[in-house]
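Q: Residue numbers (the working numbering), protein chains in the order written: chain A, 1 to 294; chain B, 295 to 706; chain C, 707 to 1083.
For the record, the hints were derived by calculation from the structure and aren't laboratory data.
All C-beta atoms in this analysis are idealised placements derived from N, C-alpha and C, irrespective of residue type, glycine included.
Check the hints yourself; a few may be wrong.
[As the list claims (entries may be wrong)] Here are the simulated lysine-lysine pairs, DSS-like style, with alpha carbons at most 25 Å apart:
#1 B:702 / A:19
#2 A:133 / B:304
#3 C:1078 / C:1004
#4 B:704 / A:70
#5 A:123 / B:297
#6 C:721 / B:704
#7 C:722 / A:14
#8 C:1078 / A:14
#9 A:122 / B:297
#10 A:265 / A:282
#11 A:123 / B:304
#12 A:14 / B:702
#13 B:297 / A:147
#14 A:13 / C:721
#15 B:304 / C:1078
#16 B:304 / A:105
#17 A:95 / B:308
#18 B:297 / A:133
#19 C:722 / B:702
#20 B:308 / C:1081
#21 B:704 / A:95
#22 A:133 / B:702
#23 A:123 / B:308
#24 A:123 / C:1078
#25 C:1004 / B:704
#26 B:702 / A:65
#27 C:716 / A:13
#28 A:70 / B:297
#29 C:721 / A:11
#30 A:123 / C:721
#31 C:1004 / B:308
#32 A:11 / B:702
[Stated by the list, open to error] FRET-style restraints, in silico, Cβ to Cβ:
#33 C:1015 / B:303: 23 to 31 Å
#34 A:157 / B:322: 50 to 58 Å
#35 B:318 / C:1060: 27 to 35 Å
#36 A:63 / B:322: 51 to 59 Å
#37 B:551 / C:1015: 20 to 28 Å
#38 B:523 / A:64: 36 to 44 Å
#39 C:835 / B:455: 21 to 29 Å
#40 C:931 / B:684: 43 to 51 Å
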Amino acid sequence: MIVKVDGLKKKYKKDWVLKGIDIEVEEPQIIALVGPNGSGKTTLMNCMTNLLTYDQGEVELLGQKNSDTKIFKDVSYLQDNRILYGTLTAYDHLKFICDVQGLPKSKIEEVAKRVGMESYLKKRVQNFSLGMKQHLLLAMVIINDPKVLLMDEPLTGLDPTSAIDMRNILLELREEGTTVIVSSHNLDEIDRLTNKIYFLKDGALLKESLEQFATKEYYLTVDDLEKAKGVLEEAAVPFLIYNQEQVTFEETDVELQTVIDHLNKQGVAILDIENERVGAEKRYRELFEGDASV
Amino acid sequence: MIKFIFFEIKKATKSAFFYMLLALLVLVVSGYFIYNYIQTERVEGEVEEAEFKVSASERSLEEMGFEIGDDLYEITDHVERLAIESDIQMIESNRTRLEGYENHDWEKVTQVEVDMGEEHFERFPTQAEEQVYTWMTHFSREVHLERNRWLRDREIRPVFPIHSFSELTVYDEVFNSEIEEEMAHNFNNIHSSSGFYFLYRLFEMFLTVFGAAFFLFLFGNVMTREGLGQNGPIHFLYTQPVQRGTVFVSKVITIALMSLLTVVGVGLFSLLLGVVFDRLGAWDYPVLIYEPEFQFSFMPMGIFSLWSAMLFLMVLVFCYSWLFLFSVLARRTSIAIGLTLAVVFLGVQFSEQLVGAYNPFLYFDVYEIITFETALVQENFNINLVNGVVSLGVSSLLILVVSYFVMKVKMK
Amino acid sequence: MKLLVFEFKKMFFSKKFLVLLAFLVALVVLLFFRNVILEDYVLDEKQSNYSYLVEVSEMNNRTYTRQLEQDLEEGTEEYEEIEMRQEMNLDLLNTADELHNLVGTDEWQQQLNVEISFMEQVRDYRMAEGEYPITEEEIHHTLALNQQLLAQGIPKEIENYSHAPPNFLLQVVNLWVTLGALVVVLLLIGDLMTSEFESRSINLLFTQPFNRAHIIVSKFVSSLVIYLIVLVAVLLTALGVSYLFGTEGNFQYPVIIEVDGVLRALTSVDYVVQAVGLMSLMVVFMISLYLLYSLLFKQTIMTLFALLGTLLLGYILTATFSMDALAWFNPFKYVLPEQAILTQENERWYDAIPVTLIVSVVLLFIASTKIKTSKVD
Chain A
1 MIVKVDGLKK KYKKDWVLKG IDIEVEEPQI IALVGPNGSG KTTLMNCMTN LLTYDQGEVE
61 LLGQKNSDTK IFKDVSYLQD NRILYGTLTA YDHLKFICDV QGLPKSKIEE VAKRVGMESY
121 LKKRVQNFSL GMKQHLLLAM VIINDPKVLL MDEPLTGLDP TSAIDMRNIL LELREEGTTV
181 IVSSHNLDEI DRLTNKIYFL KDGALLKESL EQFATKEYYL TVDDLEKAKG VLEEAAVPFL
241 IYNQEQVTFE ETDVELQTVI DHLNKQGVAI LDIENERVGA EKRYRELFEG DASV
Chain B
295 MIKFIFFEIK KATKSAFFYM LLALLVLVVS GYFIYNYIQT ERVEGEVEEA EFKVSASERS
355 LEEMGFEIGD DLYEITDHVE RLAIESDIQM IESNRTRLEG YENHDWEKVT QVEVDMGEEH
415 FERFPTQAEE QVYTWMTHFS REVHLERNRW LRDREIRPVF PIHSFSELTV YDEVFNSEIE
475 EEMAHNFNNI HSSSGFYFLY RLFEMFLTVF GAAFFLFLFG NVMTREGLGQ NGPIHFLYTQ
535 PVQRGTVFVS KVITIALMSL LTVVGVGLFS LLLGVVFDRL GAWDYPVLIY EPEFQFSFMP
595 MGIFSLWSAM LFLMVLVFCY SWLFLFSVLA RRTSIAIGLT LAVVFLGVQF SEQLVGAYNP
655 FLYFDVYEII TFETALVQEN FNINLVNGVV SLGVSSLLIL VVSYFVMKVK MK
Chain C
707 MKLLVFEFKK MFFSKKFLVL LAFLVALVVL LFFRNVILED YVLDEKQSNY SYLVEVSEMN
767 NRTYTRQLEQ DLEEGTEEYE EIEMRQEMNL DLLNTADELH NLVGTDEWQQ QLNVEISFME
827 QVRDYRMAEG EYPITEEEIH HTLALNQQLL AQGIPKEIEN YSHAPPNFLL QVVNLWVTLG
887 ALVVVLLLIG DLMTSEFESR SINLLFTQPF NRAHIIVSKF VSSLVIYLIV LVAVLLTALG
947 VSYLFGTEGN FQYPVIIEVD GVLRALTSVD YVVQAVGLMS LMVVFMISLY LLYSLLFKQT
1007 IMTLFALLGT LLLGYILTAT FSMDALAWFN PFKYVLPEQA ILTQENERWY DAIPVTLIVS
1067 VVLLFIASTK IKTSKVD
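Take these sequences, add in the hints, and give me the full structure.
A: Pasting the structure below:
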């Protein structure tokens, strides 16, 4: 088992901030952790890496208890940029990791090149922009070729090119057999990374991944929208009207062919069929409708 | 562990503030050296004084119509004979001194003082016949004699003044007048730009609560820098494959080590200043050590400075342990330093009556511990270097252990 | 005004302030009970001190006897001198013994009188070249204090171990003015401004539509108010606890000060008012200096070091070079205000009030100008 989180519970003062989280990962893959601010994403990751104590449950990474610090040879955690030392250079940070983990110095150049930060490797972190810090944080977590990589908001402050680079690096890592658990607010980017998404709401994990429900959403343009509405309501097909002009439904709710059959039977002409993947964003909206923010 | 220590050193030394403080330290030490250099009684001054005394005595003899070589027994007036005798003695002793100064024959110079001291003790062999509380006490005179004997036997170049009024000890509790008191303090306030003596005086000023406060600032943010409780760099350290305790212990070792280096560096720098601008001086220059019941001994100055530095380092570790405790509790540099200073201040002020020799706050005045002055004043000779190191060490360890667990608990 | 309230709220509702306040109040209460608990111990100490003096006299006496018996011929000048000294010494012995017996009794007037005659005897004895381990200073001081106490009909309290409200208040005030207030202010305002730079929260204030000078003024005023709250809390606790659990006292209790070499008495109320006043003035100076330094350094530890370093340097200069003539121009005179009141040699305690005030205002003005161009690095 690569990652095993079993019944993890944590409370701050009187409030439960994690209400029993279970995660099991057996195959290398990318898992996205999505939820609004305060839903417990960072807390969950901090607990998983034993940076925070928790009240109940167990965490095993690569078959080891997370209290054993030896795991960090193969487990990396990309955190907030507050963990950086302003007075030290990027090189100092990377060298320290190499020293502690017994990695060859050549790794530093290598990883700097991979992340694209050779030009400011020897500069002090306090003069870095947000994006530069993010590059350094990425370099720091991939320098040891981890088997498990936890990432808390890795895309913060990255320009589009860097974001694409970061995505490519993550996809490469997955190819190389790294399991990545990433939290992000950038749902578009998540969509491109993985379709295995865990939604965290009020400290609980909604155990549905996008794979389990619609992966496709259909938009039908019809000649008589009012009639089509009536037909589909009668047939008890779950659907929505999009933009006052299209009928839309999800693949998991009803098969496309079924809908086409119903409409054709009642003489509604279908002018056009479009389909789109149901993105994380849509699912997110459904789940957190009315919640404060993304 | 060693990697962590190197990393800690790198973090500490990569700040402008650290170098500013070190520069300030160099500046203060150099400034104090210049002050000592100016205040040093040079041989030339001693020569001048001796010559003046010789000529004054010669003039006095002339006035009395006496020439050296005349028969003293021809003089019948008792008072006049005494005056002549004293003038002759004055001339002789100062001529011997002058000879000594000229040839740099320090044995000769100190011998004059020894002779005078021995003569004094022939007349007043016991304390009962002399002053016990008023400067100069019998005790101080004894110290003066023995100090000069020590200098003579080891042929050490003395640091002037070495005359009989240059001694001031704890036993000199009372002075006959304010002028005398001022004089005694002035004579006893001996400066020298020679390496070892300067170091001794520098450590006297530096290895105190003020020195400790300086070090508190030098390493004040060693713990708070990690941003405890706010997802700071401590999380980076904690996600490395090492025991958590390593992070804590390596910090303690690092600042202890760096303090040691700083103190040693300051020591070497002072010796260097002495060598370059004056001379190295004698490592075995005598420092007075009190013993019970009006007894005393001397300790070579070099060893004295070494012990002082050692005890001071323990004092520092004790301060650091409080700093760590307050850092993990309050997580803010200013509060951590402020509370540490407050605890030290209150502890030194108010814990005199507590737990006797095992009270760590007793040991902040490093010099008075090693000379046993504190022991003598408090009438408790258990207050010594060893007990100091033990009580400071044990209490530091306790506070550090508590800090470590507080930090663990605060990881929630 | 809104900014002022905002700043004040930030300070007043901080955990740090409340904890510190509670801590100080607890400390004062603890100090009071320390005095109560150690009462017997102090009386014992006093008694053993007198026995020590009795021993000293006994030893002197033996020496005189031996000298008279062995070394000296009867009838010589020296013999008579020693004889006279021996007599004086015997008087001393008796008086010390009497004092020893009076310790812990209620006869305070008797105690004061006997101590006066004891000190006079010591003085005479020392004039006759006798040896006694009591300094001239102590003699003068004790005489002045005791005479004053007798004149006013106030029993003597043991300094720093009293349970009477005025004396306990004196003790607390003395602690407050010797470094106590300094440390408290350091803790209260230590990162008042610098933390705003460190966490960049100052940018919030910098992007508001008001004159930036108001930031300095609000921070200054709110820290001063906070300081005064702490001060009042400490003084009230001292008075409260000693009224509740202590003995009766007299606020006319004299504090002996030296003015141009002459010993004078100040009532404890006057002393408290002067000392607390001067210290508070010093705090005004400190806060102003802190605000300016924090704009220059923008870093907590550096600012605090510079602040303490400046105060220490100022104090060392004041102490090393007695600056009688310059007293009017020395803003560091009140770093330790106790000394400014206790010994007034060719200078008066109030000399440096104007300069301290003026310098503080100037510092605040410079800070207000400086903040207008201040940037977060």
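Q: If a hint holds in the structure, say so; if it does not, say that too.
A: Comparing the hints with the structure gives:
no.: 1; hint: B:702 / A:19; result: holds, 23 Å
no.: 2; hint: A:133 / B:304; result: holds, 20 Å
no.: 3; hint: C:1078 / C:1004; result: holds, 14 Å
no.: 4; hint: B:704 / A:70; result: holds, 22 Å
no.: 5; hint: A:123 / B:297; result: holds, 21 Å
no.: 6; hint: C:721 / B:704; result: holds, 16 Å
no.: 7; hint: C:722 / A:14; result: holds, 23 Å
no.: 8; hint: C:1078 / A:14; result: violated, 45 Å
no.: 9; hint: A:122 / B:297; result: holds, 20 Å
no.: 10; hint: A:265 / A:282; result: violated, 31 Å
no.: 11; hint: A:123 / B:304; result: holds, 15 Å
no.: 12; hint: A:14 / B:702; result: holds, 20 Å
no.: 13; hint: B:297 / A:147; result: holds, 24 Å
no.: 14; hint: A:13 / C:721; result: holds, 17 Å
no.: 15; hint: B:304 / C:1078; result: violated, 36 Å
no.: 16; hint: B:304 / A:105; result: holds, 17 Å
no.: 17; hint: A:95 / B:308; result: holds, 15 Å
no.: 18; hint: B:297 / A:133; result: holds, 23 Å
no.: 19; hint: C:722 / B:702; result: holds, 21 Å
no.: 20; hint: B:308 / C:1081; result: holds, 23 Å
no.: 21; hint: B:704 / A:95; result: violated, 29 Å
no.: 22; hint: A:133 / B:702; result: violated, 28 Å
no.: 23; hint: A:123 / B:308; result: holds, 12 Å
no.: 24; hint: A:123 / C:1078; result: violated, 30 Å
no.: 25; hint: C:1004 / B:704; result: violated, 28 Å
no.: 26; hint: B:702 / A:65; result: holds, 18 Å
no.: 27; hint: C:716 / A:13; result: holds, 23 Å
no.: 28; hint: A:70 / B:297; result: holds, 16 Å
no.: 29; hint: C:721 / A:11; result: holds, 22 Å
no.: 30; hint: A:123 / C:721; result: violated, 38 Å
no.: 31; hint: C:1004 / B:308; result: holds, 17 Å
no.: 32; hint: A:11 / B:702; result: holds, 17 Å
no.: 33; hint: C:1015 / B:303: 23 to 31 Å; result: holds, 25 Å
no.: 34; hint: A:157 / B:322: 50 to 58 Å; result: violated, 44 Å
no.: 35; hint: B:318 / C:1060: 27 to 35 Å; result: holds, 32 Å
no.: 36; hint: A:63 / B:322: 51 to 59 Å; result: holds, 58 Å
no.: 37; hint: B:551 / C:1015: 20 to 28 Å; result: holds, 25 Å
no.: 38; hint: B:523 / A:64: 36 to 44 Å; result: violated, 27 Å
no.: 39; hint: C:835 / B:455: 21 to 29 Å; result: holds, 26 Å
no.: 40; hint: C:931 / B:684: 43 to 51 Å; result: holds, 47 Å
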